[in-house]
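Asks: Given the structure of chain A, go ahead and fit chain B onto it with the hints provided.
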Amino acid sequence: MKKLLGALIALVVFANVLSSAGYVSAKELPRDETLYVGGGLWSQPNNFNPLTPWAAVTGTIGLLYETLFIYDPLNDKLEPWLAESGQWISDNTYEIKLRPNLKWQDGKPLTAEDVKFTFEIAKENGGVGWSQIWGWLSQVKVVDDRTVQFIFSKPHYEEWKYWIYNVPIIPEHIWKNIKDPISYPNTDNPVGSGMYKLYKTDQMRAIWVRNDDWWGIKVFGKPAPKYIVYVIVYSNNVALSMLVKGDLDWSNFFIPGVPDVKSTYKIVTWYDKKPYHLSANTAFLFLNTQKEPLNNPEFRRALAYAIDPKEIAARAEQNQVLPADPIGLPPLPVFEKIKAKDLEEKYGWKYDPEKAMQILDSLGFKDTNGDGYREFPDGKPMKFEIIVPYGWTDWMEMIRIISDQLGAVGIRVEPKFPDYSKYWEDLTKGEFDMAINNFGSQVYATPWQWFNWVLYPNVTPVGKPSYSGNWGRYKNDNVTKLLELINTEKDKNKKLQYYKELQEIMLKDVPAIPIIYNGAWFEASPAHWTNWPTEKNPYAYPISWNNYWQMGGLKVLLHIKPVKSATSSTGTTSTASGTTGTSKTTPTTSSSKKGGGICGPAAIVGLAVVPLLLRRKKG
Amino acid sequence: MRKITIYILTFFFAVTIDWAIPRFMPGDPVSVLLSRFATLPNVAEHLHSYFIQSFGLDKPLWEQYLSFWKALLHGDLGVSIYYYPKPVAEIIKSALPYDIALLVPSIVLSWIVGNWLGALAGKSKKIDSFLMPVFYFLTASPYFWFAIVLAYFFGVKLDWFPVSGAYSYGIMPSLSWAFIKDFLHHWTLPFLSLFLVQLGGWAIGMRNMIIYEVEADYARYLEALGSSEKLILKHAFRNAMLPQVTGLALQLGLIVAGALTTEVVFSYPGIGYVLMQGILNQDYFLIQGCFLMIILNVLVANFVIDILYVVIDPRVKYSYTGGE
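Same order as they appear, the protein sequences are chains A and B. Sequence positions in the first sequence follow the numbering used here and run 1 to 619. Sequence positions in the second sequence follow the numbering used here and run 1 to 324.
Next comes chain A alone, as it looks inside the complex (with noise of 0.2 Å):
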């Protein structure tokens, strides 16, 4: 008995002190062809699907299947990827002319009939990502192999130009054969036509390699990394561990302290000083429109004049964002084209307590019992709740930060934190006060997009579950009919026109109040790779997340060039292998310390909220 008991204790010590010496050096992906990228993989990678974006892994759309454009939000430009060109032929009808010699990774020729099937396959499921164009799509017609032509019905001119930079096309000769294509996890061996296959997948990460026969090679170049890694992390401070150790190239995660590690690990970002990031979306301030008095476009207007955007900016996100202004608008260009700044000028909002707390008290909401807070003109209490999901910890600074400063002006907020599914109940069915959100405030090919979420038009009445944005359920039919004329118009001043007269509602009626722009992180580690894309050098819009890498993430493939020189011996075996650190004597050399140093404290923190982490907020 004792005899096995110490035998068993020595194996176990043996391996471990064997393990723990930190040499690992068989079969790994070499480092100097191979990128690390992190920041848009939330669970296990098994879904490839391309009919299912909303469930499919990052770069299923971009890196394997292809899209007939692509956006570039940095000029506002839809360029052509598998098309040649695109355009309007009638009022009805859009044509595409596909790129000479487009092939499929398995050598087939994709052609025109490929992209009519791509469309039809969404008439038939009705659980296609794309499905819901059928409403106003009547026909796709093949002209010949390289010439498509969509009919409309009624052309959505505005929601088509989404559609051609995110439609993935998908090999006719393959998906004819599959029975139930929605339910299809398409995970042996899928084949696209783009510049990645995908070679493997496991628990912690989906690996992508290569296509070396890819059609783009002529056109666009070959793009460097032989292999993509890209790797779930679930908490933002292992991921700067892993960005400082070089361990991770291309991180997309909002890293706390980004402003102290920059100087010290040379780590990359779009702008040297703040802000740092580009801006990505607007987080609003959605107030319930619904309840009493949130319903007063004035008390909201009070609101909105006691809530200051640039403290929330510099404390909660640590100036790593811009604050807000009160149209909400992200400084992009597609939307800089048509802010009406003077409208702003006129109807807009700067912080100012003093004048929230007249405007309260003109209308009657005056603090009658002396406890420091206002109450109802009748003398009822007032007092509000305003949500977050627990563990964002920035925007759970956000909204103690928003009550505080609320509170100052006499009207009690108080902050909650439910868990991420009752938050997301609570905001679909409008049963919530206050909420911050984000999520389809986005940066896209067309303002219209925007718009029709921050004030989407059909929302279900409260305690029904609605899914499109305006969470406050704002009510306008001036709204609405702006919304389909844009969509509808081809004119473009019209359409400037009809985009002015929205700001103008948004600016008097304030139906959401803008807060700040969440920002595109982007942190790269220039240990292994180089030119990523700054400030200065602005090639692409530097985004891995999924829906992204058509806006840019691919141009970044193409652009990054490998830092041989300096890894190429040693790099290998100590980078590839985690934290064991790059010792090359004893298990702790200074190297690893620098990296917990700093990141020590932090990475505790971290693992203390792991669980309330497992996924943190798209964008």
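None of these hints come from the bench; they were simulated from the model. Predicted model only: the values in this text are computed from it and were never measured. Cβ coordinates follow ideal geometry from the N, Cα and C atoms, glycine included. Among these hints, one or two may not hold up.
[Stated by the list, open to error] Below, a list of computed lysine to any residue pairs in the SDA-like style, where the Cα atoms sit at most 20 Å apart:
no., chain 1, residue 1, chain 2, residue 2
1, A, LYS429, B, PRO173
2, B, LYS93, A, PRO185
3, A, LYS176, B, PRO85
4, A, LYS464, B, ASP58
5, A, LYS274, A, LYS490
6, A, LYS422, B, LEU57
7, A, LYS200, B, PRO173
8, A, LYS429, B, HIS48
9, A, LYS464, B, GLY78
10, A, LYS200, B, SER94
11, A, LYS464, B, PRO173
12, A, LYS464, B, PRO26
13, A, LYS179, B, GLY78
14, A, LYS464, B, LEU96
15, A, LYS422, B, GLY27
16, A, LYS464, B, LYS93
17, A, LYS429, B, TYR50
18, A, LYS464, B, ALA178
19, A, LYS464, B, PRO85
20, A, LYS123, B, HIS48
21, A, LYS422, B, PRO85
22, A, LYS429, B, ASP58
23, A, LYS200, B, PHE55
24, A, LYS179, B, PHE55
[To be verified] Stretch-level coverage of chain A by chain B, calculated; a stretch enters the list once three of its residues show a Cβ under 8 Å from a Cβ in chain B:
no., segment
25, 46-57
26, 191-204
27, 425-439
[As the list claims (entries may be wrong)] Non-contacting residues of chain A with respect to chain B, defined by C-beta distances greater than 12 Å in every case (computed):
no., residue
28, ARG31
29, GLY86
30, GLY135
31, THR187
32, ASN211
33, LYS273
34, GLU336
35, LYS380
36, HIS559
Replies: Just chain B now, with coordinates in the frame of chain A:
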């Protein structure tokens, strides 16, 4: 026979509760999932109704319940919503090896080592006064907390061991020595956190039993007969083992909780970890599947112990056969 009936009844009720609990959570799994995918307004609404239908969540509860049993008896645990479209059975199958790799060694080794150390402490006052506080400290530590402490000191401070995942991001699973080393390297901390906490409990139990047995009449009798201390201890040890075997069965049930938190702390991709994701995303089918695994584990463990007991302790056999 009576025992088997009890097992079947337990299984039935446990599974029913397992089915019911996730359904009474607030929220709607499909909408939570779709919320992660910001896309055109009204696309989400369209997809939502489609998937509610295809998961059968629009049917009345009793109908969902019946079809659940029907599928279960066919070995079908349904399709996960969160890991759509992967079947739950497959997710569990791929997570299970990690649990086995973590749990079996930690339970068995902690039981062996714990009993051994406990016996040492039981027979020597000197060792006892030194070891007991350690045991109490270990057994009183929550798994979750202890795991964080280990992760902090050995993972972050000293940087000896990685603190997340089952192996490095850059290595391919294979039977090569390098992979095994890398795997063990990642396995050490989660293993230790389970091993040490359990060890304390075993040791305390053993030590108390040994002291009790050494004081027992038969031991005094042996002593009076002039037997060697070794022989007395041997008998005491044998008798003290019995409750520890029962304890092992109970522990097998409890350990699930420990493994869950440990796996969450270390992002170790076992069932505990998968279950956590299922709960956070209200994935009914995944939660059900994981609990079902746990229920089965506990029942099977108890069953095996019941049988083992008969073998180890003749008195139990006697009671079953009614003293014939």
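Asks: Now, for every hint given, state plainly whether the structure supports it.
Replies: Going through the hints against the structure:
Of the supplied pair hints, the one linking LYS429 (chain A) and PRO173 (chain B) is violated, its CA atoms being roughly 46 Å apart against a limit of 20 Å. Straight-line distance between C-alpha atoms of LYS93 (chain B) and PRO185 (chain A) comes to about 17 Å, which keeps the hinted pair within the 20 Å bound. As the CA atoms of LYS176 (chain A) and PRO85 (chain B) are separated by approximately 19 Å, the hinted pair is consistent with the 20 Å bound. Between LYS464 (chain A) and ASP58 (chain B) the CA atoms are separated by roughly 15 Å; this keeps the pair inside 20 Å, and the hint holds.
Between LYS274 (chain A) and LYS490 (chain A) the CA atoms are separated by roughly 39 Å; this puts the pair beyond 20 Å, and the hint is violated. With a C-alpha separation of about 18 Å, the suggested pair LYS422 (chain A) and LEU57 (chain B) falls inside the 20 Å cut-off, and the hint holds. Between the alpha carbons of LYS200 (chain A) and PRO173 (chain B) the distance comes to roughly 11 Å, so the proposed pair stays at or under 20 Å and holds. The hinted pair formed by LYS429 (chain A) and HIS48 (chain B) meets the criterion: a straight-line CA distance of about 14 Å does not exceed 20 Å.
Note on LYS464 (chain A) and GLY78 (chain B): the hinted pairing is violated, with a Cα-Cα distance of about 28 Å set against a maximum of 20 Å. The straight-line distance between the Cα atoms of LYS200 (chain A) and SER94 (chain B) is roughly 15 Å, inside the 20 Å bound, and the hint therefore holds. Simply put, LYS464 (chain A) and PRO173 (chain B) have alpha-carbon atoms about 48 Å apart, too far for the 20 Å limit, and the pair is violated. Taken as a hint, the LYS464 (chain A) and PRO26 (chain B) pair is honoured in the structure, with Cα atoms around 14 Å apart against an allowance of 20 Å.
As the CA atoms of LYS179 (chain A) and GLY78 (chain B) are separated by approximately 18 Å, the hinted pair is consistent with the 20 Å bound. The suggested pairing of LYS464 (chain A) with LEU96 (chain B) is violated, with an alpha-carbon distance near 40 Å, which exceeds 20 Å. For a cut-off of 20 Å, the pair hint linking LYS422 (chain A) to GLY27 (chain B) stands: about 6 Å separates their Cα positions. Proximity of LYS464 (chain A) to LYS93 (chain B) is assessed by CA-CA distance (about 38 Å); at most 20 Å being required, the pair is judged violated.
For the given pair, LYS429 (chain A) sits about 19 Å from TYR50 (chain B) by alpha-carbon distance, which is consistent with the 20 Å threshold. About 55 Å separates the Cα atoms of LYS464 (chain A) and ALA178 (chain B), which puts this hinted pair outside 20 Å; it is violated. Of the supplied pair hints, the one linking LYS464 (chain A) and PRO85 (chain B) is violated, its CA atoms being roughly 27 Å apart against a limit of 20 Å. At most 20 Å may separate the alpha-carbon atoms for a hinted pair to count; LYS123 (chain A) and HIS48 (chain B) meet this at roughly 17 Å.
Annotation: proposed proximity of LYS422 (chain A) to PRO85 (chain B) is violated, straight-line Cα distance about 24 Å (limit 20 Å). Restraint check for LYS429 (chain A) and ASP58 (chain B): the C-alpha separation of about 18 Å stays at or below 20 Å, so the hint holds. A C-alpha spacing of about 29 Å is found between LYS200 (chain A) and PHE55 (chain B), which places the hinted pair above 20 Å, so the restraint is violated. A C-alpha spacing of about 17 Å is found between LYS179 (chain A) and PHE55 (chain B), which places the hinted pair at or below 20 Å, so the restraint holds.
Coverage of the segment 46-57 of chain A by chain B holds. Counting CB-CB distances below 8 Å, 7 residues qualify, and the rule asks for three or more. Under the rule that three or more residues need a Cβ within less than 8 Å of chain B, the assignment of the segment 191-204 of chain A holds, with 4 such residues. For the segment 425-439 of chain A, the proposed coverage by chain B is satisfied: 3 residues have a C-beta within less than 8 Å of a C-beta in that chain, meeting the threshold of three. With 12 Å as the threshold on Cβ separation, the claim that ARG31 (chain A) sits away from chain B is violated: the shortest Cβ distance comes to roughly 7 Å.
Remark: the non-interface label on GLY86 (chain A) is consistent with the geometry, its nearest Cβ contact in chain B lying 19 Å away (cut-off 12 Å). Separation of GLY135 (chain A) from chain B is inadequate, the least Cβ-Cβ distance of about 9 Å not exceeding the 12 Å criterion. In this structure THR187 (chain A) is not separated from chain B by more than 12 Å, as the shortest Cβ-Cβ distance comes to only about 9 Å. Against the 12 Å criterion, ASN211 (chain A) stays outside the reach of chain B, whose nearest CB is about 20 Å from its own CB.
Distance check for LYS273 (chain A) against chain B: the nearest CB is about 29 Å away, which clears 12 Å, and the non-interface claim stands. Every C-beta of chain B lies more than 12 Å from that of GLU336 (chain A), the closest at about 21 Å, which supports listing it as non-interface. Interface exclusion of LYS380 (chain A) from chain B stands, the closest Cβ pair being 29 Å apart, more than 12 Å. Here HIS559 (chain A) stays apart from chain B, with its beta-carbon at least about 23 Å from theirs, past the 12 Å limit.
Taken one by one, the earlier hints fail for this structure at numbers 1, 5, 9, 11, 14, 16, 18, 19, 21, 23, 28, 30, 31, listed in ascending order.
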